[in-house]
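Chains as they are written, first to last, in the numbering used here: chain A, 234 to 666; chain B, 47 to 573.
Treat the hints as calculated values from the structure; they're not laboratory data. We put the CB at the ideal spot given by N, CA and C, even for glycine. Any given hint might turn out to be false.
Said to hold, decoys possible - These stretches of chain B come out as covered by chain A in the derived footprint (C-beta under 8 angstroms, 3 or more residues):
#1 118-131
#2 211-221
Said to hold, decoys possible - Okay, derived cross-link-like pairs now, SDA-like style, lysine to any residue, Cα gap no bigger than 20 angstroms in a straight line:
#3 B/125 x B/216
#4 B/125 x A/429
#5 B/125 x A/564
#6 B/518 x A/297
#7 A/590 x B/123
#8 B/120 x A/431
#9 B/120 x A/396
#10 B/125 x B/65
#11 B/518 x A/622
Chain by chain, the residues run as shown.
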Amino acid sequence: MENIIIIGNGIAGVTAARHIRKLSDKRIIIVSAETDHFFSRTALMYVYMGHMNFEHIKPYEDWFWDKNKIELVRAYVNQVDTDKKELILENSRVLQYDKLIIATGSKPNKFGWPGQDLHGVQGLYSKQDLDLLEVNAPNKEICKRAVIVGGGLIGIELAEMLRSRDIPVTFLVREKNFWDGVLPDGESKMINEHIREHHIDLKLDTNLVEIIADENGRASAVITDKGETIPCNLVGITPGVSPNINFLKDSGLELGRGVKVNRFLETNISDVYAIGDCAEQHEPIGNRRPIEAVWYTGRMMGETLAQTICGNRIQYKPGHWFNSAKFFDIEYQTYGWVFSNRSKKDVEKHFHWRHSKEKICITVAYHKASREFLGINTFGIRMRHEVMDQWLTEKKDVDFVMRHLQKANFDPEFYKKYEKEIFNSFQGQLTPA
Amino acid sequence: MNTVDRNMSLTGESSNAISNQQKISSFIGLAGLAILVLAFFNTNFPNKTLWLSMSLGLITAGTIWFSKASYAHKHKGIKNDRVFFNSISGRGFWGWILGIFVTGFYVVLYFFPEYMGLVKDGSNGGVIALFDPLSKALSGNPASQWFVYGTLYTIAILAFGIKFIWKYRHNRYEIIRTVSVMFFQTAFAFLIPEIMARLNGKLPYYDLKNIWPLNYYNFERYRVNSFIDAGDVGMGMLIFGVVSIFVISPVLTYFYGKRWYCSWVCGCGGLAETAGDSFRQLSDKSLSAWKIERWVVHSVVVFVTLMTIAVIYSYLGNDTSKYWLTKDVFLIGSAAIMTLVFVLVMVFKRDQLQKDAKYGAIGYFVIILALIGFHYLSGEGNVFLFKSETLRKTYAFLIGAVFSGVIGVGFYPIFGSRVWCRFGCPMAAILGFQQRLFSRFRITTNGGQCISCGNCSTYCEMGIDVRAYAQKGENIVRSSCVGCGICSAVCPRGVLKLENGPLKGRIDSNQVLLGNDVDLMDLVNQK
Numbered sequence: 234m235e236n237i238i239i240i241g242n243g244i245a246g247v248t249a250a251r252h253i254r255k256l257s258d259k260r261i262i263i264v265s266a267e268t269d270h271f272f273s274r275t276a277l278m279y280v281y282m283g284h285m286n287f288e289h290i291k292p293y294e295d296w297f298w299d300k301n302k303i304e305l306v307r308a309y310v311n312q313v314d315t316d317k318k319e320l321i322l323e324n325s326r327v328l329q330y331d332k333l334i335i336a337t338g339s340k341p342n343k344f345g346w347p348g349q350d351l352h353g354v355q356g357l358y359s360k361q362d363l364d365l366l367e368v369n370a371p372n373k374e375i376c377k378r379a380v381i382v383g384g385g386l387i388g389i390e391l392a393e394m395l396r397s398r399d400i401p402v403t404f405l406v407r408e409k410n411f412w413d414g415v416l417p418d419g420e421s422k423m424i425n426e427h428i429r430e431h432h433i434d435l436k437l438d439t440n441l442v443e444i445i446a447d448e449n450g451r452a453s454a455v456i457t458d459k460g461e462t463i464p465c466n467l468v469g470i471t472p473g474v475s476p477n478i479n480f481l482k483d484s485g486l487e488l489g490r491g492v493k494v495n496r497f498l499e500t501n502i503s504d505v506y507a508i509g510d511c512a513e514q515h516e517p518i519g520n521r522r523p524i525e526a527v528w529y530t531g532r533m534m535g536e537t538l539a540q541t542i543c544g545n546r547i548q549y550k551p552g553h554w555f556n557s558a559k560f561f562d563i564e565y566q567t568y569g570w571v572f573s574n575r576s577k578k579d580v581e582k583h584f585h586w587r588h589s590k591e592k593i594c595i596t597v598a599y600h601k602a603s604r605e606f607l608g609i610n611t612f613g614i615r616m617r618h619e620v621m622d623q624w625l626t627e628k629k630d631v632d633f634v635m636r637h638l639q640k641a642n643f644d645p646e647f648y649k650k651y652e653k654e655i656f657n658s659f660q661g662q663l664t665p666a
Numbered sequence: 047m048n049t050v051d052r053n054m055s056l057t058g059e060s061s062n063a064i065s066n067q068q069k070i071s072s073f074i075g076l077a078g079l080a081i082l083v084l085a086f087f088n089t090n091f092p093n094k095t096l097w098l099s100m101s102l103g104l105i106t107a108g109t110i111w112f113s114k115a116s117y118a119h120k121h122k123g124i125k126n127d128r129v130f131f132n133s134i135s136g137r138g139f140w141g142w143i144l145g146i147f148v149t150g151f152y153v154v155l156y157f158f159p160e161y162m163g164l165v166k167d168g169s170n171g172g173v174i175a176l177f178d179p180l181s182k183a184l185s186g187n188p189a190s191q192w193f194v195y196g197t198l199y200t201i202a203i204l205a206f207g208i209k210f211i212w213k214y215r216h217n218r219y220e221i222i223r224t225v226s227v228m229f230f231q232t233a234f235a236f237l238i239p240e241i242m243a244r245l246n247g248k249l250p251y252y253d254l255k256n257i258w259p260l261n262y263y264n265f266e267r268y269r270v271n272s273f274i275d276a277g278d279v280g281m282g283m284l285i286f287g288v289v290s291i292f293v294i295s296p297v298l299t300y301f302y303g304k305r306w307y308c309s310w311v312c313g314c315g316g317l318a319e320t321a322g323d324s325f326r327q328l329s330d331k332s333l334s335a336w337k338i339e340r341w342v343v344h345s346v347v348v349f350v351t352l353m354t355i356a357v358i359y360s361y362l363g364n365d366t367s368k369y370w371l372t373k374d375v376f377l378i379g380s381a382a383i384m385t386l387v388f389v390l391v392m393v394f395k396r397d398q399l400q401k402d403a404k405y406g407a408i409g410y411f412v413i414i415l416a417l418i419g420f421h422y423l424s425g426e427g428n429v430f431l432f433k434s435e436t437l438r439k440t441y442a443f444l445i446g447a448v449f450s451g452v453i454g455v456g457f458y459p460i461f462g463s464r465v466w467c468r469f470g471c472p473m474a475a476i477l478g479f480q481q482r483l484f485s486r487f488r489i490t491t492n493g494g495q496c497i498s499c500g501n502c503s504t505y506c507e508m509g510i511d512v513r514a515y516a517q518k519g520e521n522i523v524r525s526s527c528v529g530c531g532i533c534s535a536v537c538p539r540g541v542l543k544l545e546n547g548p549l550k551g552r553i554d555s556n557q558v559l560l561g562n563d564v565d566l567m568d569l570v571n572q573k
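The shape of chain B in the complex, shown without the other chains:
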């Protein structure tokens, strides 16, 4: 649903700048969208393959043509003229309308799929039926609301990815990164799972790049069972799921920072960077927003960790003779891993955590206490007094649906494009924790060249006040940074560079601004 052509500006200066080509291309994109809306309201299209192709084709063509009309004739460089005057990108009337429309779509998608035409034990109607031919061609099965969503999502990333590349065509980092997210979305999230379903019907739908805790459901009983039932391939995938948490992701994050995932691979990130690019400047940069962010996102981590442990715990057995992984082994193992991480951080990185260490310790002890609680207070299928299923459903509803979908994407035009990644994503929080403490990645500040203009902070989708560091000559090492590279791109003075380098001197908290007398620099650095 993010393929809405967001570029009709009816108010402000920008209306002057809309060319005829842009008007026509907007109309084409909206016409494609209109077919979907008609299908939604149960218009029965006779030749579904034709009409679906037309709809998706028009949306894609309209968006690409609009991009061409917007950027092709202009000299390559930063294209942020009139961003804040534009009704859609400047949180104006059309921004709100778009936000309400997309939010509505997500509410229907998650909670009322029957309105999209989903029929239990029968053939689909409405907009879902329109997608049946494509779904059958790929996996052999009729479409579901998730197939409709996945298709539109992929088209959004592809079409707006092309727009993004056009916009930043002077910047090879942005081009390569965008090709990467377009590839991972199309291949890993969209095509491969459908094809796998065709090859091996027992396999659960698995987007291999989706790592726990982002796919919080990966280790639920039914999935683990179907992995095991699917034989070697399934076991391989299950093992890959575990390895990606404990090996692949820490290693890559050490070398490249969490950007390898968040802005190069991840689907949520992919949508934010492409369809969401027009809204990146709307993120809140205030100190209070940062405080809220840290509490909320880390609470989600604690929540998802407990929920996952509870769910797995609930279906494990007690009998060691049947299977080595019993309830108690699992609990002790989980506690041991977390204790190991906690001790390592406290021993080696205590000084870098400063007062955050206290909060980290609180989070850690909450989890350990809860684990002990599981052991003593839980019965079969229960965790404390709740069913683990209740915990899982609550998480799926609050975090999986409301936060990541309805608020995360629906509110793009209001809160910016990375609300979910910043405030809600437990995966981003875990990678960020490592990025802050054990990674070679940083954004280097170039000596004394900063003029405090604020472009970097304004266009930071994660709401990092980049300028606050740059104007002091400090490097930027923040757990939330997804490494999109836009701060460096929009900087008019060449101050910022994303790079990987040795850990020594990475967090440069000296207030050294080059260009000064050296004696003064020494004085200023005395604390």
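Isolated chain A, as found in the complex:
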């Protein structure tokens, strides 16, 4: 019986394991140093906020693994020996594999700031980070102010978490507007406003220079490039993540920023595969980045690789891009490609609509010449994935999409509909008065 070892029990590794089990009776072992059981990483924030207990964010009950004969090993992998096809664990235990799947995810970026390793300075990625946050910032008495560095999805989540315990937050964002490397300016600016509505001291266009320690080696303040010193008890470092692959340095695997893989998710060494956040495509697929640190792509890679492992070798061919997030009270969904003002090409044109009072807006991207619908961002309006996916596949033009937008609406019943207003605004922009 073939022995499959998966390093990492996140969404990518666990999805691969589940699908391999569906297709075969191979022996499956998942090794993780982080937790005994799979949990939803994107839900860690809700544990700190008291919306859920840790038990609730585990998608499968604990008996699931035994029942499906998926063996779980809690250990840190020190080294991979691809010649002997062995893993050497932290406790010197050795595990042998026939096929190895690397799904070790990411680790928080740190850019060499002075003081970045002090006590009270941390990222937010793992269960351990969450536990550490409970120590560093259990309440507003112990953590009188927090400074968050890095204006992305994890940064704003951390801000929301800390605010749920009334901890004052200063949020340093390098960009001119929040997440404007990804979002068009209109949307970024709306999120700026919403962040401030939640009583967060948002400092745009501001960089961290140094973290200052107190006499006990704990962070006590940060200095920004605007010359400001901000006293604080916690520094949240959230300028993105990068693949968690240090332990593979001497394994013979080809590494870039991540583990290099081809379209079949195969590495340069046979029987070794990499999926999820830690995999790096040799060539980007379409408009995608070579490393996609997203829940959904991790899941899709897991599903794809399970086929390959079980004898049906297929390429990783993700369909239309989609993603979602929530910024405090504002839900965000995206389908297809809508680029930010900074990174969009000349042929990409945007139609932007924003509600006069509510924090609701959409941006539709289309091709300037052909008017082909390229993608949509919505804030505060839910869209039906199936419909958007179909319109992208059928290459509908933007006029069709705007006319039929209500068909794609996925808001709960009785919600106010804005499609008519949006369509009128779109028509108005077409025929300049």
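Position chain B relative to chain A; hints supplied.
Chain B in isolation, oriented as in the chain A frame:
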């Protein structure tokens, strides 16, 4: 008794978050409650109208002010911060205290009403006497323990309904639904029966929205007699009672799912959605809980069906010349209706029932055998060896009182707000059976957007593991779903939508997660 202000948190992080306004409003609500407690311990208030108004007014005002202090200053959106740290909503010390207090209230209410001041053939004392002025104003009669209960129940739904609306003010589905339960409780359960009693003293107390088998007692001899004695109005109500079982409820459930009743109209549901909202996250989502749920709730259905048939059977006659509905006609008719349902399901929906079909068949045959048993083994007033009255009393005690009241509401802070609806309510089970098989209602999963966070499952008061479906891209079609809409509300990624649509493709068991390569989706769907 569900108007207890449940928001004083003395432990955990949440104590930090209690503002002065919240403290004062809690005090006001508790002061109102204290008047009732004093009355309970036989404090004789001189001006009952004044003191009762003060008590109910303070409870209501305290709760509403607390809601305002909790939500009004915050940006609209999901308000679940610190739910699991809070002693009351997180099954902590105060949660247990509250549970014991409310359970105690129900025990007194159902089994020892004399402690509330109920006096047979005399004027009331204690807390019941305090409610006399209000009862007399409405129906002309002195209050009973049920009037006290009904009044407090209604106030709980109204005051906590306002709290709920404040909390979910960004969500129009929740607002409209809550206004609906507040209306049906106040008008149908509280005011109309009292006013009807004033207009026509012969009519039995009848909450028109309370449908058999939830009001298991509706077809008992004394009620049927008083319906008939009350003339056309009474007959109309009796006919409405039958029509609502066989016509109104199946039609509405077909179009909208059982939510039209369970979370829009029903009083038990109304209390769970308003006063019980703080406890919805405590329901058990494990697979084993689901197994227990199915056995228990369907056993209750069999029990209530047999009990009702036995009770009606016991007072029908044998002589066809006196009245067409005789013992035998009734038994054959009941058996025929059940056989019809059973055959229809087996012919058209067998594949959807899978292994549950076996259990359904067992339930069906138990009932049919029992009916045959009635015919051959029963004498006047007897069913088998028991008196039908014994069967009725057992049901009323076990299910009507202990299950729906003492456990169902008393244990809100321990097992969550829908224990009765999920494990005990035969009405919910029957509607659920139809919802699963013959209804346009479903919760649609939005393609591949689920991140398995677990908010939907956690906040499902019925203990449905919503995430288990959503993360596979499946629609959620579960008999127990009451359509409260909270899973959709708390979802951070816009994955869930309650909707009514065509039956085709409703139960989408394909493991299709959009965003993938189409060829892979085909492969994954091969079974």
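Comparing the hints with the structure gives:
no. : hint          : result
1   : 118-131       : holds (count 10)
2   : 211-221       : holds (count 4)
3   : B/125 x B/216 : 11 angstroms, holds
4   : B/125 x A/429 : 18 angstroms, holds
5   : B/125 x A/564 : 15 angstroms, holds
6   : B/518 x A/297 : 16 angstroms, holds
7   : A/590 x B/123 : 16 angstroms, holds
8   : B/120 x A/431 : 9 angstroms, holds
9   : B/120 x A/396 : 12 angstroms, holds
10  : B/125 x B/65  : 16 angstroms, holds
11  : B/518 x A/622 : 17 angstroms, holds
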